[in-house]
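Chemist: Given next are the chains, with one letter for each unit.
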Amino acid sequence: MAELSFREAIAAGIAQEMARDPLVYFIGEDIGAAGGVFKATVGLFEQFGPDRVRDTPISEQAIIGAAMGAAMTGLRPIAEIMFSDFLATCWDMVANQVAKTRYMTDGQVSLPLVIRTANGGGTRFGAQHSQSLENWGMAVPGLKVVAPSNPADAKGLLAAAIRDPDPVLFFEQKSLYGVKGEVPDGEHVDRLGSARVLRDGKDCTIVALAAMVPRSLDAAERLAAMDIEATVVDVRSLVPLDTRTILSAVTKTGRLFTVEENPRLCGWGAEIASIAADECFDDLDGPIVRITTPHVPLPAADVLEDAAMPSVERIVETVKRAMR
Amino acid sequence: MSTRVEKPPAAEVDRPTRLRLYQLMVELRDFEQRAYELFLENLVRGTSHLALGQEAISAGYAVAMRADDYTFCTYRGHGHTLARGASMAGAMAELLGRGNGMLHGKGGSMHLTDVRHGAMGSYAIVGAHLPIAAGAAWSAQVRKSGQVAVCFFGDGATNIGAFHEALNLAVVWKLPVVFVCENNQYMEYTPIASVTAVEHPAADRASAYGLESILVDGNDADIIYQTARQTIDRARTGGGPSLVEALTYRHGGHSRADPAKYRPEAEVREWLQRDPVKRYRERLLTNGISETQVNEIETRAQQKVDAATEEARRGDPARVEEIERQVWGDGSAAWRN
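The listed protein sequences correspond, in order, to chains H and A. First residue of the first sequence: 0, per numbering that gives the first Met the number 0; consecutive thereafter. First residue of the second sequence: 0, per numbering that gives the first Met the number 0; consecutive thereafter.
It is possible that part of the hints are untrue.
Stated by the list, open to error - Residues from chain A shown here face chain H by an in silico Cβ test under 8 Å; the list is partial:
| hint | residue |
| --- | --- |
| 1 | N41 |
| 2 | G45 |
| 3 | H116 |
| 4 | A135 |
| 5 | P190 |
| 6 | A192 |
Said to hold, decoys possible - Going by beta-carbon spacing under 10 Å, a handful of chain H positions derived as facing chain A:
| hint | residue |
| --- | --- |
| 7 | S58 |
| 8 | E59 |
| 9 | Q60 |
| 10 | M71 |
| 11 | G73 |
| 12 | P76 |
| 13 | C89 |
| 14 | Y102 |
| 15 | S109 |
| 16 | T122 |
| 17 | P140 |
| 18 | P164 |
| 19 | V196 |
If you're looking for bench data, these hints aren't it; they were derived computationally from the structure. In this text, a Cβ means the ideal position worked out from N, Cα and C, and glycines have one as well.
Input sequences plus hints: build the corresponding full structure.
Modeler: Written out as structure tokens, the structure reads:
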């Protein structure tokens, strides 16, 4: 085990796969000699050269389009969209082209490609550089959606995404880039579509994603001091979704809380709540509660952003009140 | 600098190639006519965008392409897909929503694709496939396969952002891709000139990307064939992309819903006189090809379309079991365990 930051783990995951498979190519804005604006791709340009690690113009449609055309003709490209907010400038490519082409051609075309993107708030960048929009991808059939919460998962899930035969939207929560954690030595490949139980508790289940995972774990510790024992599940992958792990935790504890960074309406937690209500209604001892950012564009000022996003305190208070 | 090619350099296209070009144009013409008849019978569901009048561009490029080159085209893509050798019955059945359609009913008229023949898809969002074609060319470049991507699009696509992003990237990366603008004078229902800053929507913008401005008669199969040879050769030998504007005309409306009443009658008459199929027939006859030979080509094309129509009509409706297949690489549509 080595201790790596989240950003180092991303670069290590890409390097591992590029060294293994000569068909893996990597394109994006400022990813080459500059090492990425979040320094998550440092060293790749030097290791693999300008042919395999290529800087692009500020042309998000061309970036995703090029990755798609390359994927359908034999490469396994990784494309970086600097901020997930910029996906809006190329959403046609993502939602209409990349997502649908295998289906519309009834499998004539395969699209093994990864779209990596820095996602989410906590950095005071304001509403156009802070959105948490995994649920956009989740709403489109044909896209896999992954969002790791720690360095080990960042490397392992990214490697799995690169080897996957389908398009994967890979969300890197930007406030996690500096977080350090143990990452297994040697080749590390995880599995898409597997949630992970990070803490066992008999009283309730808290389901979280990406940056909301460490906050939920902190909240669970504080709740334990109040005699509320929470199970914490890291969803890790929204599509495919490991409903088995999630529903099994809900069944055991009888209560379900989701902690979502996205604004309220149509967040991923709503889908999980709906599945739980459908499939384990009889095991529930109380209402399902969603803890989300309010339905507003994320404000920039530190006090506003902190108050808008689900905080450890808000998770603790909400769970405590609901469990009373 | 505009490179206008006005007269057909007749001597340079050999007779077998000419016969092939004519055969292909007649087949595409007959296929589209039949598709039109079938939707008058209410057998073609949904929409359909015919390329009647634009056959010379599909045929001219297809004949010049290598079997493993890539074609990317638009929702007006029946001709481009068939010209690469895709099954005519499969295309017709797809229009009819049958299980024996080339996409088993899951794509429809606007998405005809036959990857085995290099027909890499028909794209129904204007301009979207230009960056995708650039991507296929990038892949060919780094795999050193010698393949070229040819991307066909309408005049309307030159006003969308993806056009400019793709052109710039293709030039910067020196990609083996040929962008062919089929300027049929109308973006859907609106004359292209009334919504475009320059007279020639593609050719006048070529200089913005450091490319030669190429404006050609898109209703002359010889000119298109020769332009195709030049531009494909340039791409294949490392000379980078080209942008071609081919002037042509849609004989019908934008889609089945459009009777095209907005077009001046005199304009329609003038363009019908420049019908690429009629013109080419005359050229064959004046260049020593017999009426009998020409008639044989036309009869064979008609028979091919008849047979394809019969096979398509014999097909069962698309199978409901297909709905939840092929979302993912494992063939399934499963999003949870």
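Chemist: Which numbered hints turn out to be false for this structure?
Modeler: 1, 2, 3, 5, 6, 16, 19
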